[in-house]
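Same order as they appear, the protein sequences are chains A and B.
Just so it is clear: in the first sequence, position 13 is 309 by the working numbering, and no numbers are missing.
Just so it is clear: in the second sequence, position 211 is 215 by the working numbering, and no numbers are missing.
Don't read these hints as lab results, they were simulated from the structure.
Heads up, simulated SDA-like pairs for lysine to any residue below, C-alpha to C-alpha not over 25 Å straight-line: (1) A:Lys471 <-> B:Pro237; (2) A:Lys471 <-> B:Leu330; (3) A:Lys471 <-> B:Gly234; (4) A:Lys471 <-> B:Ser235; (5) A:Lys471 <-> B:Pro232; (6) A:Lys412 <-> A:Pro400.
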Amino acid sequence: MRTRQAAVAALALAAFSCLPASAVAAPGHDRAPVKQWIDIDLDGTNGYSIHVSVNPRRHLILQVTKEEFSAEYMTRDVLADTDRVKAKLRGLGAISVRFHPRGPVRHPSLPGCSKKRPRLQPGVVRGTIRFVAEREYTQVSVSEAEAAIEEPASWFCRYGVKFEPNPRERDWVSKFSARGEGVYLLARKYRPGAVDGGQVLYWAETGEAFEAASGRAPLTIYRHVRVPAHVSTFRDAHPEHLTVSPPPPFTGTGALTRTPESVFRWRGDLSVQFPGLDSIPLTGPSFESDYCLREVGCFRQSVDHH
Amino acid sequence: MRQGDAIARSWLLWSAVAGCLAACLVASPTSAAPPEGRFEVQPADTSGLLRLGKQKGYRIALYMPNDRVVIFYALRSARSEGGLYSLTYSVYAVRNRGDLERGVVRARFGSLGSVSLRFRPSGRIRTHEPQPGCEGSSETTEYGRFLGHLDFRGKGDYFHVSSAKGEASIARFPRLRCERGEALESEPRSLRKNVAPRPLFRDDDSIALLYSSTRRHGRYAGITAMHPEGSPPGADVELGVVEPRRGMAIGHGVYLEGSRGTLLTSLPGAHPATATLAPPAPFYGEGVYSEQSGAWTGTLGVRLAGLNLPLTGPGFHVHLCVASPLRDRDGCDFFQAEPPSFERLGRPGWALR
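So here's chain A without its partners, still in its complex pose (with noise of 0.2 Å):
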């Protein structure tokens, strides 16, 4: 059975990323956390780049991406050795691979980690790696891989990530954002030139997670889109009315707007496509709404649950 959970899909992400092993090990899976990560490059099929990570947790992170598009499929590596990985991607493939070192260990600088270096060894991974993706919007079948063990200096100074969020992003001036079951909508308008590509940048973001009799999602998948857009896409000159009518991979527009109740209404056609999924609608009852003003404030429409 499968649900749709964005909270799930995030709270999942904090608890492979941060909880600590004692939190998350299965019965039976106790044992003293490494501290080497496996990386692992593949190219897919129509133009996406996958890159397959195994934390110190043994927590299994296969990440696809294309342009402004990104999707993370997280279950467990049930193989305590750090230098074999075994994972199953329930229905979407399987992964089993022991690493063999190449060339010498290097100690890569990291910019903003001053003089913390990781220690990677260069390698391959020999074995079995089977993905096919959702509807087959990408794929992957190789028998050996370029891959590396990476001992990070600290959670923030991982060579093996490429994480360099832009600082101008924070820098919006009014945003708008929807929360519906499993799947979340934001969009931030921004002064002339903050940010590239245009005025306004809009995210959506949708989760699901399998369930297991045993309690824990043996897979959960979380996928991402983020593009930019014209001023034009956000209009929001009243505050109680906002009108957001972003470019593919969404379509339609959605309408924020004030009833005689003083309720703020999240309505209209907008929908978002992801690779592989059906369109995902973006409006309804069911949202829950904020919109903020940099300089005054925020309000939020909660759900109507009687």
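Starting from the known structure of chain A, arrange chain B on it as the hints suggest.
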């Protein structure tokens, strides 16, 4: 907190809403100007309670907040199928001609009835230490029953209580020496203050608020409807009615969470502004306000215990506040002059812009 709340609280706690009301009734530490220096005195006081059971859905009690006042209380709380709360009450306050300190309550409620009671303790006593910051003897609550005559008929015979049967208690609060600001405020001795309505719902986060009040032939009636920012469709509604009688003060009130359609207003910036108020039972009909004519018209009224009261007409003063949650953080889109009544239900502190 007031001294009589020890007893009042125990009676009011049978419903969460009543408990909330009690929380609203309590006041901050004494507002009376404390003497210069580090200490102040919390005067001695006595309060009493007699629970009289239930009639027509109302919990009924005789409450003596101090030795000078006797109040006949009728209070009904309910929750609708949609989970919305409502609370309705009627209170009648008169002077106690007996001596509560000695367990004697004697009072006349005009044509509605009279009581002549003497407290008989059961022997059960509970004591409470003085509140933090105060020194003195312990407060004692003595339990038992009242014996004697009790007869009360609500207006139109809505209630008829002819027996003093029921749990009773008398609490004695000794004189305390308190650090400045720690003494509790005494229960009011004014009959009127004992029946005056007090706000239950917060209005400082409302983005639509309608307040209508009138004062005619000594009777004050005020109704407030407000929609808090971000809340689902509907509005919180408060009604307070106060009327003096010879030697008696009568208060009626309603607090309820109204569902969708309770309060509809024009949007901020729209002129002439309009509003329609149609709260659920015990209200009936709807009231319509127009900024253009300044008129408050319609069929809106309320049915309370023995009382059918129209709530529209030319004698009403109306405020309508429609605020934008971002543009008018501290004020309304427009706000008419306040009515010349000191008995506003603690209404909005929104700045006139």
